[in-house]
Amino acid sequence: MASFKILVVEDESIVAMDIKHRLENMGYIVPAITSSGEEAVEKASETNPDLVLMDIVLKGEMDGIDAAQQIKDNLDIPVVYLTAYSDERTLKRAKITGPFGYIIKPFEDRELHSAIEVALYKYEMESKLKANEKWLSTTLESIGDAVITTDKDGCITFMNPIAQKITEWKQDEALGKPLESIFKIINEETGSPVESPVTEVLQKGSITGMKDHTILITKNGRHIPIDDTSSPIKDDKNNINGIVLIFQDITERKNAEKEKEQLLKEKARGELFGFLLSAMPVFASNIPPQIRNNIAKSFSDRFEINMKPKFEEGKPNLNENILNYYTKWIKGFLSNLGIEAEDTLENHQNYLKFSNCPWEKEAEYSPMFCMICRIIILRSFTWTSIKGNVEQISCMAEGSDKCTFEFILAKDHILK
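Here the sequence shown stands for residues 1 to 416, numbered as in full-length UniProt numbering.
One thing to keep in mind: the hints can contain errors.
Claimed, not checked - For lysine to aspartate or glutamate, the following DMTMM-like pairs were computed, each having C-alpha atoms within a straight-line distance of at most 20 Å:
id: 1; residue 1: Lys177; residue 2: Glu189
id: 2; residue 1: Lys95; residue 2: Asp109
id: 3; residue 1: Lys219; residue 2: Glu124
id: 4; residue 1: Lys105; residue 2: Glu124
id: 5; residue 1: Lys204; residue 2: Asp153
id: 6; residue 1: Lys105; residue 2: Glu24
id: 7; residue 1: Lys258; residue 2: Asp301
id: 8; residue 1: Lys128; residue 2: Asp66
id: 9; residue 1: Lys260; residue 2: Asp249
id: 10; residue 1: Lys5; residue 2: Asp76
id: 11; residue 1: Lys128; residue 2: Asp50
id: 12; residue 1: Lys5; residue 2: Glu124
id: 13; residue 1: Lys353; residue 2: Glu342
id: 14; residue 1: Lys20; residue 2: Glu61
id: 15; residue 1: Lys254; residue 2: Asp145
id: 16; residue 1: Lys184; residue 2: Glu168
id: 17; residue 1: Lys204; residue 2: Glu188
id: 18; residue 1: Lys72; residue 2: Glu46
id: 19; residue 1: Lys130; residue 2: Glu259
id: 20; residue 1: Lys353; residue 2: Glu398
id: 21; residue 1: Lys5; residue 2: Glu61
If you're looking for bench data, these hints aren't it; they were derived computationally from the structure.
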């Protein structure tokens, strides 16, 4: 484990020393202990810790919440609140500062360790997203525009150097040729030819643009994603004498969007993993089943609140196959968590099979991970309103090579 630095802010010296020793036993470095909000801000600036454990009630005029706000605004260091206060007013103030965790005293080492690891992971994911968004913004601002002009018949009259570079056509080769022979574009999704910008501008007589699913085929056959805008060139009598085509190579933007999408998937996976870590003490101890059931119900309810609206957005009409839509949707959701799933039809029976498990090495906690997966499948299936139910018939945690869920459907339901 990397030696992360954790600043401890606690007004009781004995408690502070105890926390310091516990953190050091876990492998963390504690560069300083402070007892006031003012000193916490100062020490955070001096030591630049990876995380701050912040008590809310501190010595001096500045409490932990105000100190956390300053640390967030000025230093961008994640804060986990560590306090015996859990009243609604205090929680409301604390939430405004965007903390990365909240631990109620007294606490066990496992709770402390889990909260820290989740906070560090969440902060890392958010930092990557911010860096990626900044890089994407800088890239978009620095991309040069390619320019091609034509006469009223759509024959090329000018190409700037960037247009020549992107199309791989030199200007002296392209001059006088129809735009369609140089600027060949197709739809990215269908591969079908896209109508020439000349035709559209001449018909409408106004500025037109194409969405970013347009692909330019270069002289050497390369496929380049582009954004483009076409405008008419008009004389003083408003007659169209040609068009000007402005376009950009958006390959870098496309790649950046893919990277951003991957980071979002990793963040989603991390958030679920964070929930699992926070639940581990409950599942690992001799807690009554009722409390465990409450944990499961809480996750199930939160899953429905957050994900059902997304499911409903693309829900097909009644005359379309809801089961096909559901299996496609749930496979996409599971993919965000690192789970590869496939749906099969065997002997007129529908199955959903997981070929891998991102938590397979966490054998100690496999019952909990399996429970979470079952909740996801069983709860989301109810959103389809299909008559029937789902049963898990095999599990990797029990030695099977795949986790398999069987859809037991009513006879009047049409199988795909």
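Problem set entry | 20 Å limit on alpha-carbon distance, applied to hinted pair Lys5 and Asp76 | It holds: about 15 Å lies between the C-alpha atoms, which stays within 20 Å.
For this session: Decide if the proposed pair is consistent with the structure: Lys353 and Glu342, CA atoms, cutoff 20 Å inclusive.
Result: OK: Lys353 and Glu342 at ~5 Å, within 20 Å.
For this session: Below or equal to 20 Å on CA atoms is what counts here, so check Lys105 against Glu24.
Result: holds (19 Å)
Exercise. Within 20 Å, alpha carbon to alpha carbon, are Lys95 and Asp109?
Worked result: violated (24 Å)
Exercise. Within 20 Å, alpha carbon to alpha carbon, are Lys353 and Glu398?
Worked result: Holds - the C-alpha atoms of Glu398 and Lys353 are around 15 Å apart, at most 20 Å.
Problem set entry | Hint consistency between Lys105 and Glu124 [alpha-carbon to alpha-carbon, up to 20 Å] | Given that 20 Å is the threshold and the Cα spacing comes to 26 Å, the pair is violated.
For this session: With a cut-off of 20 Å on the C-alpha distance, tell me whether Lys177 and Glu189 pass.
Result: Violated. Lys177 to Glu189 sits at ~28 Å, over the 20 Å cutoff.
Exercise. Between Lys72 and Glu46, does the CA-CA distance stay at or below 20 Å?
Worked result: holds (15 Å)
Problem set entry | Satisfaction of hint between Glu259 and Lys130, Cα-Cα up to 20 Å | Within the cut-off at roughly 12 Å; holds.
Exercise. Do the alpha carbons of Lys5 and Glu124 lie within 20 Å of each other, as the hint requires?
Worked result: Judged against 20 Å, a Cα distance of about 14 Å means the pair holds.
For this session: Quickly compare the C-alpha distance for Lys258 and Asp301 to 20 Å and report which way the hint goes.
Result: violated (31 Å)
Exercise. Taken at face value, is the distance from the CA of Glu124 to the CA of Lys219 at most 20 Å?
Worked result: violated (43 Å)
Of the numbered hints given earlier, the model fails hints 1, 2, 3, 4, 7, 8, 14, 17, 21; all others are met.
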